[in-house]
Structure formats: structure tokens, C-alpha cells
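Knowing the structure of chain S, use the given hints to seat chains C and Z on it.
Listed below are the residues making up each chain.
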Amino acid sequence: MFKFTGKVLSLSAATLLASSVISSAASLDDLVKAAKAEGQLTTIALPHDWCGYGDVIAGFKAKYPEITVNELNPDAGSGDEVEAIKANKDNKGPQAPDVIDVGLSFGPTAKADGLLLPYKVSTWDSIPDSAKDADGAWTGDYYGVLSFQVNKDLVKEAPADWADLLKPEFANTVALAGDPRASNQAIQGVYAAGLSTGAAAGEAAGTAGLDFFKKLNAAGNFVPVIGKAATLAQGQTPILVTWDYNALAGRDTLKGNPPVDVVVPKTGVVAGVYVQAISAYAPHPNAAKLWLEYLYSDEGQIGWLKGYCHPIRFNDLAKNGKLPADVMAKLPPAESYASAVFPTLDEQGKAKEAITKNWDAVVGANVK
Amino acid sequence: MTDISISNQAIAGKTAPPSEARVLRLPTQWLGVAPFFIFAIMFLILPTLYLMLGAFQNDAGEFTFENIAALAQPSIVAAYWISIKVSLASSLIGAFAGLAIAIAIVRGGLPNWIRSATLTFSGVASNFAGVPLAFAFLATLGRLGLVTVLLNTLVGLNIYAHGFNILSFWGLTLTYVYFQIPLMVVIIVPAIDGLKKEWGEAAATLGATQLQFWRMVVIPVVWPSFLGTVILLFANAFGAIATAYALTGSSLNIVPILLYAQIRGDVLHNAHLGYAIAFGMIVITGLANVFYIWFRTRSERWLK
Amino acid sequence: MKSGKFWAWVVFGFGAAYFFIPLVATFEFSLRMRRGAYSFDAYQIVLGDARFQATFGYSVLAAIFTIILGVLIVVPAAYWIRLRLPQLRPIVEFITLLPLVIPAIVIVFGYIRMYGSNSPLPFLASDTGTNALLVIGYATLALPYMYRAVDTGLRTIDVRTLTEAAQILGAGWSTIITRVILPNVLIAVLSGAFLTFAIVIGEFTMASLLNRPAFGPYLQNIGANRAYEPAALAIIAFAITWGCMSLIQILSRFAPRSANRPN
Numbered sequence: 000m001f002k003f004t005g006k007v008l009s010l011s012a013a014t015l016l017a018s019s020v021i022s023s024a025a026s027l028d029d030l031v032k033a034a035k036a037e038g039q040l041t042t043i044a045l046p047h048d049w050c051g052y053g054d055v056i057a058g059f060k061a062k063y064p065e066i067t068v069n070e071l072n073p074d075a076g077s078g079d080e081v082e083a084i085k086a087n088k089d090n091k092g093p094q095a096p097d098v099i100d101v102g103l104s105f106g107p108t109a110k111a112d113g114l115l116l117p118y119k120v121s122t123w124d125s126i127p128d129s130a131k132d133a134d135g136a137w138t139g140d141y142y143g144v145l146s147f148q149v150n151k152d153l154v155k156e157a158p159a160d161w162a163d164l165l166k167p168e169f170a171n172t173v174a175l176a177g178d179p180r181a182s183n184q185a186i187q188g189v190y191a192a193g194l195s196t197g198a199a200a201g202e203a204a205g206t207a208g209l210d211f212f213k214k215l216n217a218a219g220n221f222v223p224v225i226g227k228a229a230t231l232a233q234g235q236t237p238i239l240v241t242w243d244y245n246a247l248a249g250r251d252t253l254k255g256n257p258p259v260d261v262v263v264p265k266t267g268v269v270a271g272v273y274v275q276a277i278s279a280y281a282p283h284p285n286a287a288k289l290w291l292e293y294l295y296s297d298e299g300q301i302g303w304l305k306g307y308c309h310p311i312r313f314n315d316l317a318k319n320g321k322l323p324a325d326v327m328a329k330l331p332p333a334e335s336y337a338s339a340v341f342p343t344l345d346e347q348g349k350a351k352e353a354i355t356k357n358w359d360a361v362v363g364a365n366v367k
Numbered sequence: 000m001t002d003i004s005i006s007n008q009a010i011a012g013k014t015a016p017p018s019e020a021r022v023l024r025l026p027t028q029w030l031g032v033a034p035f036f037i038f039a040i041m042f043l044i045l046p047t048l049y050l051m052l053g054a055f056q057n058d059a060g061e062f063t064f065e066n067i068a069a070l071a072q073p074s075i076v077a078a079y080w081i082s083i084k085v086s087l088a089s090s091l092i093g094a095f096a097g098l099a100i101a102i103a104i105v106r107g108g109l110p111n112w113i114r115s116a117t118l119t120f121s122g123v124a125s126n127f128a129g130v131p132l133a134f135a136f137l138a139t140l141g142r143l144g145l146v147t148v149l150l151n152t153l154v155g156l157n158i159y160a161h162g163f164n165i166l167s168f169w170g171l172t173l174t175y176v177y178f179q180i181p182l183m184v185v186i187i188v189p190a191i192d193g194l195k196k197e198w199g200e201a202a203a204t205l206g207a208t209q210l211q212f213w214r215m216v217v218i219p220v221v222w223p224s225f226l227g228t229v230i231l232l233f234a235n236a237f238g239a240i241a242t243a244y245a246l247t248g249s250s251l252n253i254v255p256i257l258l259y260a261q262i263r264g265d266v267l268h269n270a271h272l273g274y275a276i277a278f279g280m281i282v283i284t285g286l287a288n289v290f291y292i293w294f295r296t297r298s299e300r301w302l303k
Numbered sequence: 000m001k002s003g004k005f006w007a008w009v010v011f012g013f014g015a016a017y018f019f020i021p022l023v024a025t026f027e028f029s030l031r032m033r034r035g036a037y038s039f040d041a042y043q044i045v046l047g048d049a050r051f052q053a054t055f056g057y058s059v060l061a062a063i064f065t066i067i068l069g070v071l072i073v074v075p076a077a078y079w080i081r082l083r084l085p086q087l088r089p090i091v092e093f094i095t096l097l098p099l100v101i102p103a104i105v106i107v108f109g110y111i112r113m114y115g116s117n118s119p120l121p122f123l124a125s126d127t128g129t130n131a132l133l134v135i136g137y138a139t140l141a142l143p144y145m146y147r148a149v150d151t152g153l154r155t156i157d158v159r160t161l162t163e164a165a166q167i168l169g170a171g172w173s174t175i176i177t178r179v180i181l182p183n184v185l186i187a188v189l190s191g192a193f194l195t196f197a198i199v200i201g202e203f204t205m206a207s208l209l210n211r212p213a214f215g216p217y218l219q220n221i222g223a224n225r226a227y228e229p230a231a232l233a234i235i236a237f238a239i240t241w242g243c244m245s246l247i248q249i250l251s252r253f254a255p256r257s258a259n260r261p262n
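Residue numbers (numbering that gives the first Met the number 0), protein chains in the order written: chain S, 0 to 367; chain C, 0 to 303; chain Z, 0 to 262.
Quick caveat, the hints were computed from the structure, so don't treat them as lab data. Yeah, the Cβ is synthetic: ideal placement off N, Cα and C, and Gly gets one too. Check each hint, because a few of them may be wrong.
Unchecked claim - Here are some of the chain C residues that sit facing chain Z, going by a computed Cβ distance under 8 angstroms:
no.: 1; residue: 49
no.: 2; residue: 104
no.: 3; residue: 119
no.: 4; residue: 123
no.: 5; residue: 127
no.: 6; residue: 134
no.: 7; residue: 136
no.: 8; residue: 143
no.: 9; residue: 146
no.: 10; residue: 167
no.: 11; residue: 187
no.: 12; residue: 219
no.: 13; residue: 223
no.: 14; residue: 258
no.: 15; residue: 277
Unchecked claim - Computed footprint of chain Z on chain C, listed as stretches where at least three residues anywhere in the stretch have a Cβ under 8 angstroms from a Cβ of chain Z:
no.: 16; stretch: 73-80
no.: 17; stretch: 88-102
no.: 18; stretch: 237-244
no.: 19; stretch: 292-301
Chain S extracted, bound-state conformation (with noise of 0.2 angstroms):
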């Protein structure tokens, strides 16, 4: 793995591995020169426009202009992720990624098939411990709540709360941003609905989430269609149930045409946390380290700010007094996001579980 026969990289190199596998990072100097010795850094399953993820990486490129940034398959799924970590064990051209960003519940299974590398960032301490593993193998990076995403020009009055959209006035108009069988974002937008029922948290408010659906189906208001900009812009699918961030991201990329509103609801705020990890096999993990290192910093925190995601720092950086208002008022007024709840993994492993298994028969918008 390790051609080069710089004095200082092996030098720092070994102390690295040499060291605990739990590495805080003692000298940033140390792990920048590694870095750069690397050269490259294989990322996948970024968009650019999630999270403003390619003013992050243009960021980072422009740090850091040495390391150059392989970027994979941005339409990767956190499955596809996790499968290209282990097809390429033995490879190390830039086909195997360092870093990968996941889905909460697949940092546990991650770390549980040994696919990953534990680092501890300079910042480790800001980080709620809800959000990060207790060995450094997954650190939670950003989240985002459940909103909807309106065409104006086709819905003159948006909807305030789940509960609206069974009114009439919104007939053929809701749609999921994914499948509510597989998509992550799909399966909280359901659960979601069930909170906001009033359901307890777990199996509960995923089974409130079906019944929800299916009245929605029943009233002719749900359009079974996976929700992209497109069907947005082009009327098939004028209320978008997706996460806040690509809403507005959505919003600004449309420029208007047509207007759109983003609304948080009033009850079933539901948060989805995603979480960074760096891959066991990374042929470059000095170089993953560094890009983590810069993710956690306030630059990288902001950045993801930028677009729309709140940061996992995100209190941290509010009591000292870091955030940029300009980029504050860009988002939803915060009292939206008081009342937000962060689904333990358990809960949402069970509501997983109810949802995938039931929406065919429950909801009954299947095609026969």
C-alpha cells in the first residue's frame, strides 16, 4: 500500500498505525503531509446538490490541492455503498471508495461485517453521543427533517401539517420522494405521518403511518409516483414529501419556475441523521481522515449548512455563536425544528420493519 519512501510519511504513517486503532488526531500538520502524500481521496454516493455536497468537495479541493477527488457513482444507494466496500477488498485502484456516507442503521451493521476504519476527529467531543459510534468507527453528519415540498403554481394554499393532506382541495397531488419499500427517506415520511397521529414512537407510528397512507390513498390525494424535481415542475406530483434540505436545495435549483413553498409540518417532525464512516480496505486513509477532519470542522459544518443540512454540530456552533445569519435566514424558522424527534435505531428498525413488510397490503395503492 504505502510506495512512498518519504521519511516523514512513514515516519507519521507508523505512529498512525502504530499508535491505538482509536487515533485522536494528535498533529493535523502530521496527517496533512500523509495526506498529501496520498494524493487522492475515492469518494461515493455524493450529489452534488445534497447537502451542497460539490461546495463541500470544491472546499476541500481547494485546501487541499494536492489530493485529487475521485468521485463514484453519485447515485448510489447506502447498500450500494456498504457492497462497494467489500467488492474491493483487494483492490486498490480508485475504484474502491475511502469514505462512505450511510444511512444511521448502517453504521452499526458496517462496523458489525468489520468494513470499517475507527477515527476519533480533533472536534470528537462537540458531537452529541446519540450521533456517533462509542469506538470512532461512524460518526453521525448531518440531518435534515421531513417537510413539504409545494408547487405554487398548482397548490395555491400549502399545507401546514400532515392532517391537511387528506383535505379535498389536495387531490392527486401527494407523492413520496422514493419507495416506501426501500427508501429511507420514503419509510420516515411515513413514519412521520404516524407520529403525527399522535402514535407512540416505533412499530406504533409505523403502523399510524400506513393507516395515514392509505386514507390518503382511499381520498384519492396520494399519486403512487416516486417524486423528483421533474414531476414537481411538470405537475404530476405537486406536494413533495421529502427531506428539508432537498426541498429547498430543490427550490433554489427551479429559480422560481414554478414558485415553490417548503413547510415543515406543525406535528410529526421527524429527524434522519446520516452518518460518515471511513472504509476498513480505504487505499488511502490518511487522505479519509483528513476529508473527515475537514467535514467536522466549522468550514466543513458550514459548508453542509450551505446546503441546507443542519450540521451535527449544530449546537455547538449555535452557543458560540457561529453561525452565519445570512445563511440562518435562508432556512426554516428554527421553532419548526424545536419540536423534532431523532428516532432511536431501535424504533426505527421496528417502523422499518411494519412499513416495508405491510405497505403493499395496507395502503392497497398497488396495481394488480
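Only chains C and Z this time, still in chain S's reference frame:
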């Protein structure tokens, strides 16, 4: 064509002994097909072997039938069934419509440029699938689609009020046919082309009507290629996911969507069940292939 | 046949309507980028990107190599099976159907597993090797279409008689295949070439996971999460691919003539 090949086989039988005398010639046919098999083994079968093996393993790596048994769930069985129905419907419609178009452009007496334009267009359209195709049909026949709106404003006909819905079995089949027809056109045109002018003239000289010419000369000649393309269309539709996903995503439960959910998904990720689903798809394709071969042999005899 | 011509026009007319109307709808939507007026804004954004030419050129080159590889693999095999080995036909036909039902992502992950930089056949250890592996992957995806097209073409000519005639005249096997059989099935090979070309230009999964600068990943990059650009992209990609195929069609007129194709 069948008559010719039988007499050829008789000739081949007569000339076999001389070819055996030249020892060097015997393995040539095996050398000729070797590149294909080496390629298939190295780049198709071995790389996907982990899928076959994975279907029979669980997470701990032990051999098990539980994934195959899990295929018997009602939702998965229903998915296979719907996939087979959509594939059958779109391949049959696509096949006959494609054949009609191919005959029209080759023998219909249309201007020459129409034939090459149609062929090249079909080449492109055969691969026009996935999100762009689904979106194109939503933009045409969706609730706010171009045709829907035009029919409503110009003729006063609201197709949705009459029960039409693009998000349905037939809507999906209609969309699939968009890439099935061109595939048939592109592949069958050389076969129609091969119908020599002399045959038509000979048939006319012998007093055959147009219908008899078609029934006794054209159809038997084109039939095996036609059938072969039908099975290709079937497998093509069976494995297609992107279009269905983009069009009917959460409402139509077809097998490739299930498969993707398991091996690629954000949430489910039971890769072994996914492999079992893929294994089931391969088995069904194999059975379809066997049926096609049986049907072709039977019908060739019947058409003689 | 007057009535024959009439029906031909009817069939062609229905076909043209069915195929063009969805394209018109997509085109109409792509013109709506500027609010309130039709404009080509979406097209300017797409075509103004510098990577358009580079990635399209890469994919065209890959397509040409894929077509050559496909012909080299499929034509001899299809020929020998028709001539001498009909018992292999069911196996070969089944194998050629596999790429249609095995997802491309499974195939490419299989390649990465088997041909990674540390394996006995390290395709992925160098750029050239990775490019070669991509072309091989494309040829695998195009296999069903190429085989069916070539097999159809071989059925329309009398393979046995042509072969024997050539042998009597003293031709060796390579001469028979390249100078007797191939020109006679050129239309069919061209069909297979068209289908292969379209597949390679639009392919995304393999190129993006093998980290190659192809047209598919570029299209995805520009169009993801946009509303109007993907529609413009679809029209542009359609038009350009159609143009390239027409070019191939015209160039094929310069290919060796055969008795079956007097024009």
C-alpha cells in the same frame, strides 16, 4: 429454409468421412466457439457466481435454503407473477407491432430514406428507457400531460374521467412497448430483407395468391428469427427496472424493484434474499428459454 | 400492390405518432425553463458545459471498441453453431439472455472482486486495463442483442453452401469468415452495432463504479435533481445518438458488396 437445411445435413453426412481424414480440421469448430465461451466464463459467469452462491448462504456464510424458501412469500410470488405478465404483454405487443413496421418499411414500397431513418431511430429508441422514458410518458399521458390536456381542451374528452390511468399495468406495458418495438424492428429487418425478390416472383408464377405467399413462404422463413426475438424481448422486459421504478415506483410490485431494494437499498439490505430473488429470475428466464426452444421446434414441424 | 402501400403508410404513420409524441412532450417541457416563455435555456446550460465533448468522445470511442469486440466474439461462435454445433445452441442462447436479467451492478461488482489491482488478472491496476475492462463490460451487456442480430442474419443466408463453395475454391477458415460470411451478414451486424452503440452511450452504472469519464455519469451529474435539464439532456442525447448512427449507416454503404445486397 427448413427443407434446405435438412438436405444440407444429408450432404454433411455424406462429406463427413473426408473431413475426418484431415485430423487438423476436427477441433476447428471448437476453436471457433472457444472465444465466446472463454469470454462468457471469464466476464459473465464467474463474476456473477457470488450471486449464485450468495443465494444459498446466510450472513454467517453457512449453506442454507432459507433464502429460496423466503421466495415463497406472497408479496414476492405476486411480484414474479406481475413481472411475467408485464414482460409477456409487452413482448408480444412489441413483437407483432415491430414485425408490422419492419415489413412496412422493407416491403411496403415506401421511399428509401424512411427505411434507414426508421432503422437508426429504432436503434436509439431501443435503449431509451428508464427515467427519461417514464418522464416522457408522464409528460404525455399523465394527468397534466400534453395529450391528456389537448384531448380535454380540443375534443372535450377527459381520459382520466373514463378510467384511463398511466400509472397502471397497461400504462406500464404501453411504456415498455416503446423500447420493445424498436428492438424487434432492428433485429427482424435483416430477416425480411433476406426474402429474395425471386421467391415472390416464383410464387406469383406458380399462381400463389399474396396470402398463400405469406403463409407458405414468408412466415416459415421468418418464424425462427421472430420467435428468437420474442424471447429476447421477454427477457429484456423481465430484467428492466429503471422505467418501472420511475413510472409506477411504489405501486407496482415487480421483481427487479424488489431485487434492487434488497441489494442496493437504503433500508432493507438483505443481500442474500436479493441474490435469491435474482436466482429466481435466472431460473424463470431459463424456463422461458426452454419453452421457446420447444415451441420453435414444434412450430417448425407444423409449418413445414 | 397499391393496397399494400396504403397499409404500409398506415402502419408507419401510427408507429411514427406513437414514437414522436412522447418526444414532443419531453421537448415541450424542456423549453419551459424560463418562466412564461419558451426558450432554449436548458439547452444552453447543457451544451455549454466543457465536459460534454470530452465525455461524449470517450463514450463514442468505447462504443467502437465494444462493437469490434462484440463482432469478434459473436460472429465466429454463431457461425460455427449454425454450421456444425447445433447442439450447443440452447446453452449459448441461454447464456446470451443472462445479461438481461442479471443487474449490471452485480456484474460490475463481480469484476471489481475478480479483477482488482491485487488479483492474478489486475485489470484495475492501470487506466488502460480499466478502460479495457469497461469495454468488456459493455460487450457483455450488448451480448444478447449482438448475438440475436447476427443469428438472424446468418439464418437468411445459406451458410453451408457458401462455406462449401469457398472451401472448394481453397479458402481457409479465416478467409471464409471475414471475406465470405461477414459481408453477407453485414446488415445484421450493423443492427447489432446500432444496439451496442446506443447501450454504450447511455450506460451509467459500470462507468461510474469503475471511475471512468464516460457520457453516462456526466448526464447523471448534470441532470440529477434538476427539473428541466434532464428533459433537454434526453432530447440532446437522443438526437446525437441518432446522428451518430446515421453516420455509421452512411459509412456502411462503402462496405464490400454482396449478391444479397445489390443496392
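So, going through the hints one by one against the coordinates:
| no. | hint | in the structure |
| --- | --- | --- |
| 1 | 49 | holds, 6 angstroms |
| 2 | 104 | holds, 7 angstroms |
| 3 | 119 | holds, 4 angstroms |
| 4 | 123 | holds, 5 angstroms |
| 5 | 127 | holds, 7 angstroms |
| 6 | 134 | holds, 7 angstroms |
| 7 | 136 | holds, 6 angstroms |
| 8 | 143 | violated, 10 angstroms |
| 9 | 146 | holds, 6 angstroms |
| 10 | 167 | violated, 17 angstroms |
| 11 | 187 | holds, 7 angstroms |
| 12 | 219 | violated, 12 angstroms |
| 13 | 223 | holds, 6 angstroms |
| 14 | 258 | holds, 7 angstroms |
| 15 | 277 | holds, 7 angstroms |
| 16 | 73-80 | violated (count 0) |
| 17 | 88-102 | holds (count 4) |
| 18 | 237-244 | holds (count 3) |
| 19 | 292-301 | violated (count 1) |
In terms of the numbered hints stated before, the structure departs from hints 8, 10, 12, 16, 19, listed from lowest to highest.
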